[in-house]
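**Student:** Let the sequences and hints guide you as you build the complete structure.
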Amino acid sequence: MAKELVTGNFAAGRALALAGEANRNARGCCAGAYPITPQTEIIEYLCANKFSKGRVIAVESEHSAMGVCIGAALGGGRSFTASSANGLAYMVENVLAAGYYRLPIVMIAVNRTLGPPWNIWVDQGDSLMLRDAPWLQFYCDSHQDLVDTILLSFRVAEDAQIMLPAMVAMDGFVTSHTQMVVDLPEQDQVDAYLPECNVPHRLRHDHPTTVGGLTWPRETEHHRIEIQQAMERVPEVLDVAIAEFEEIFGRKPAGTLVADQTKDADTVIVACNTMARTLKNVITERRSKGERIGMIRAKMFRPFPRGDFAAAIGSAKRVGVLDRNHSPGSGGIFWQEIATTLRGRSDILLKDYLVGLGGGDVTPTVINEIIDDLVARKEASDPVWKEVAA
Amino acid sequence: MIEITICGRGGQGGVTLAKLIATTYFLRDKYVQAFGVYAAERSGAPLQAFVRIDDQEITNHNQVREPDHIIVLDPTLITPGLAAAMKPGGWVIVNTQDPPEALQEHFAGLHVATVDATSIAVKNGLGTRAVPIVNTTMSGAIGKVFDLPIDDLLAGLDHLQFGGPNTISAREAYDCVQTATLSGKVAKLKRVQSNGKIPGLLDDDLGGMPKIRTGSWATRKPERQRLTPPCNDGCPAGNDVRGFVEAVGKEDYDQALAILLETSPLPGICGRVCPAPCMDACNRIEYDESVNIREIERYAADHGTLPSPTKPWRKENIAVVGSGPAGLSAAYHLAKLGYHVNLFEGEKELGGVLRTGIPEYRLPRDVLGDEITFILQHGVKAHCGCFLSRGDLLALTHTYAAVFAATGLRDSRTIDLGSGDSKSIMQGIDFLDRVRRRDVRLDGKSVIVIGGGNTAIDAARSALRVGAHHVEIVYRRTQAQMPAIREEIEEALDEGIKIHELVSPIQLDDVGARPTLTCQRMKLGEPDASGRPRPIPDTSEGAQFDMDCDCVMLALGQTQDISILPEGSEISDGKSLLGLSGAPMFVGGDFATNEGTVTAAIGSGRKAALHIHRTLTGEDLFPPPAEPVAASDQITTHVFSHEPRREGGMINAHDRRRSFTEVRVGYRDNPAEHAAVEEAQRCFSCGVCNTCDRCLEYCPEGILLRDGDAYRFDYDYCKGCGVCATECPRGVIYMSQL
Amino acid sequence: MTIIAETKPKQYCDYLLRPGNTNCAGCGMSIGLQWLDEALAGEKPMLVIPACCGIVTAGAFPTSGYGVPTAAATFASSPALASGLSAIATMNEETNPIICWAGDGGTYDIGIATLSAAAERNEDIIYICYDNEIYGNTGGQRSSATPEGAVTSTTRTGKGEGKKDIMAIMAAHRIPYAATLSVAHREDFLRKVKVARATKGFRFLLILSPCPTGWKSEPDESTELIGMAVRSGLFPMYEIFDGVRYRINKKPDGTPVDEYIKKQRRYKGVAADPQPLTDCITAQWHRLNGMAAAFPATKEDGCLPDVG
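Chains as they are written, first to last, in the working numbering: chain P, 1 to 390; chain E, 1 to 738; chain H, 1 to 308.
For the record, the hints were derived by calculation from the structure and aren't laboratory data. A quick note: this is a predicted structure, and the numbers were derived from the prediction, not measured. Positions of the beta carbon are idealized from the N, C-alpha and C atoms, including for glycine. You may find that some hints are simply not true.
Computed list of lysine-lysine pairs in DSS-like fashion (alpha-carbon distance at most 25 Å, straight line) [as the list claims (entries may be wrong)]:
hint, chain 1, residue 1, chain 2, residue 2
1, E, Lys423, E, Lys498
2, E, Lys30, H, Lys263
3, P, Lys252, P, Lys3
4, E, Lys221, H, Lys268
5, H, Lys268, E, Lys123
6, P, Lys317, P, Lys386
7, E, Lys221, H, Lys216
8, H, Lys200, P, Lys53
9, E, Lys445, H, Lys262
10, E, Lys123, H, Lys200
If you want a taste of the chain H side facing chain E, the calculated C-beta under 10 Å gives, among others [to be verified]:
hint, residue
11, Tyr12
12, Thr57
13, Gly59
14, Pro62
15, Lys216
16, Ser222
17, Thr223
18, Met228
Pairwise CB distance ranges (calculated) [claimed, not checked]:
hint, chain 1, residue 1, chain 2, residue 2, range
19, P, Trp118, H, Lys200, 40 to 48 Å
20, P, His205, E, Ala108, 49 to 57 Å
21, E, Ala672, H, Thr298, 26 to 34 Å
22, H, Ala168, E, Tyr734, 56 to 64 Å
23, E, Lys211, H, Lys250, 37 to 45 Å
**Tutor:** If you want it as structure tokens, here you go:
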């Protein structure tokens, strides 16, 4: 273990490379790579990395980057890539294919505003566009969380009980390009942590099958049910993965979510990524003034941990959600999920705040204003847009 | 509400038919709905389409499961229980050639209508041969069965812009659909509920064989036939020409010879002197040049190993009179059938015309000798120098179980040249016999041969070889019409012999120092009985002219001398002579047929042997009636590449014209060249599978299977595309409608 | 001639293309797959097939019309997917060929960027396009491989533009081997697959694949049609080595293109005037003859290694 001052992208690149290298005694690793701001340094890192059994293929598009990953995974290799915003949009068809093929690919999504217009700054609308894809999704609030979650993701995605791809999101620039000190794992630790990647349905000559051919409604529905069941097994598998992570690395990464001072809270605020770190400071300060307030840092979005949310919210009367994303005609996406979670809880006032979209800087002041609004509310009404400073 | 299920195949137009029916009712102010079931199956795969018709808005979007009517676009789509879920009182309307009653076993107790929509559609050019589009045709039958006025039906077609052949076809079907209510009870089928485990995406037992049996998609199926190759058809000896050529092509000379010896004991001779009608019949002529079958036969005879001769095992003795090709052939085949054969020959040596009539430079004596020896090795007893009279012949019928007479042609035709019995005139056939006996020389002489057959050419070329200085042939027709073997004519010309075509001799003046032959120029007139243009005298001035010579030879053909036959006998090839008290007597060869070729005589002798065998034992060993002859348009010629015929070797004209050494040397026995093998491989093998495997290689499904030399179509999977039939180079595979 | 009996697997389940597949009767692709199987002489490839008839061929899950491991790729990404497969196979020293089997839509149109990129990277892949000059799987729409004049469901009066020269495009990538193949010329087909197999890097094979359904032709005339296309010069048979050296395998023999046109109802508009296609023949042979004369293949090009 060595602490280093690195960018989020560097940290992610290192984590992917360590995971890839860890499969060298099995069928190796392969990544499809294509640049897009603010993700580019990740694939640059990968292209520069020397794998003892691996190859990074610099392709001509995100669509092909994921295509390469699908091929590599179908070949039984460990596979990963990274993208952002319109790159993800261009990749979507193959993102879906990877999920429906049950291939344990890990992808870093560096959140960036979907264009047009041209905007390179953070907004979770890109990865959340893929909320209906058969992918696990994790949102990371720090460099350390990012590194740890990437390793966790390989563990969970490749688990025979799961066999689904996983997306690990971070904030564009705010995380990706910010230098922070990170505890970067050693190769032998990762080797110990990640078992050999075994894709049970990989293409093999001793048992030829056709992957992805015509499937009738009955069988297709059955395969969807299988995906749902695998999703439902994730929390349990994740718990085990975290426990073993702690044994090897000596620290315990967050799981599905982090509930902070919610036990006796009347008011609970939900946020993810770095916004949750800002929120944490605000909450701590308001607590110190005697306010019965807590927070939930949302981390795992798919599968959505409804039970964990319900438990964390507990007996709170007001829940405010900070959504750095927008589903036009509806509202924030985390808010929708939490609303579903709290269905039947008429005692709770659930309010959605759309904030920091297009990369706006969400400061403690902005969050304090939101909380002030929430605690003063008599009724929730529609999601509201919260302006941030220019 | 009326609900209709249409059972069709991909490409037949079932969904369009649903739309057409719906349109017709829509135009009658009904609420309608039409839809198909779409899946991955392709052209030919069974598919369903549905129609609903009602007086009120239709809100049911499910598949029709209990139809009022069922329409079947193809009789092969009828499966057990097809109509089991039908509501009572409806119609089953089937596209089939059969009347409704023929479907009794499937549709007992139901109203059934049938129409031959396929024939109507094909006739009117709708769709392809493999998948005719029968929808518009079927609409006519459906309209009639549903009591729709024809005008309503046509309005529906018109609304969908179907015209021309579609309208004509619909009208035809409207007029000729047959209906009946079949007796018996409607069969009900228990619905099978499937509750099997649904396989998961990560299961380990995936990837099994497809469950579809695509044979059910087919409307046609490939079948194999055997046709008669034109060469076999053209061989008077009955040789399996294609068969021995194929064997040579595989370098199996023993097999080739064995095939030849089935039908002829004289392959070495035929390989030299046969006019080869097989080569004139060869389908390869239309492509480039005929296969050089004669040379291949010679090669097989020269290179194959003779099998061990059989010995007689029957008690019967049979007399064969005449040891020409017919007699030798009969003796051989009888001996092989187990009979004791006594062969009578008037000359001192066996062979008949083979020895006396064919010069050595064409047929070396050792070749003749070897083949005769082989025949005799079968236990045939030869009696040479036995010239039999009529009485002798009759006597044989009392000492032998059967008699075969093939004494050939003895009387030479002559012509009156006004000089009587001139010593300057000689019969060509006599001359050839004298040449054989080495008792004639024509040194420095000038010779004119009259005639155009093989004897004329043989006499002319032999004259050169016994010293003649100058030899000319006069023939009253054109050179192209000469019956002599084409190559022999060319060789004669090469040797310096002159041919005067369209010249007829009139008179020989034998009085002066040198005889002078006066000739008349001829021209071609109307066809005569033989179909050839009749030569008629050219009446223009100067059309008569004189030719000087020392000697004139007549080669005008020969006739049989029937004086040896019992009185009142009528010659007929193959049948025994009537009215004899003793054993049956048969005649054959030129003596009976006057066909004038060795090969015809061989065939005649063989047939006689089979007749005799049948007469004596009742056993019929004649080959079954031949299949139709493979025509040249049944050959897929683009499969082959153009390749000139390989000619056998030959001594050059200068060296050979004074020598009796064999002119033709056949294919050089040079393993590097393999001329015989390569030439044999030019054979198209018309109408007979030669296991070339092209069908197998081109089958898109890989379901044409071969086990040894047997081929099998797996009809469970065959989609009936017909590529195998197209690719079969030789017309063996054809498609039949299911 | 009898080799097939010895090398053809006895069991249907071992066929590369198994009986029970859902291809139409007389589909050129089926012949191509059988010959591919044979040319590989028992060595089983992995297939990567984008959206096209070829993936429907496999039939319904959980069965498989292919007797070799096969992956469906999204329409545009078969070469990308194959690149990933190939990378893993290579690092595991697995040498069985990885083959993209794609229609003209996935090759000439939607997949061309992916194809171009994989060719440029010289991935160790055999890319085979069975070109039926149409979007056959969707019922017969124009593609950029559709020849001028052909009627499709999106060119009702005949296509106004000529066929894209995909071979020239592939040659421009300087790939080690590119060749055209015909389902009417078996020996040539088998040889070219073997040459492709013996070559390293990106190999591109173009098969003109008859489609009775889309071409509106008789299934039993499928091979005959391709024979005509080759003999008339409409579909030239040639090989390009390293993108720069040309070898013509068969010259047109003077067969007029008219008969080819008449046998397909997709050309009903052209039947009266085959000029567009004769012009196309003249132009492409002018170019091809020029290339072959200026940049001929060497004796070593396309030589198969000795067996054993």
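**Student:** May I ask which of the numbered hints given earlier this structure violates, with the numbers listed in increasing order?
**Tutor:** 2, 4, 9, 10 and 22
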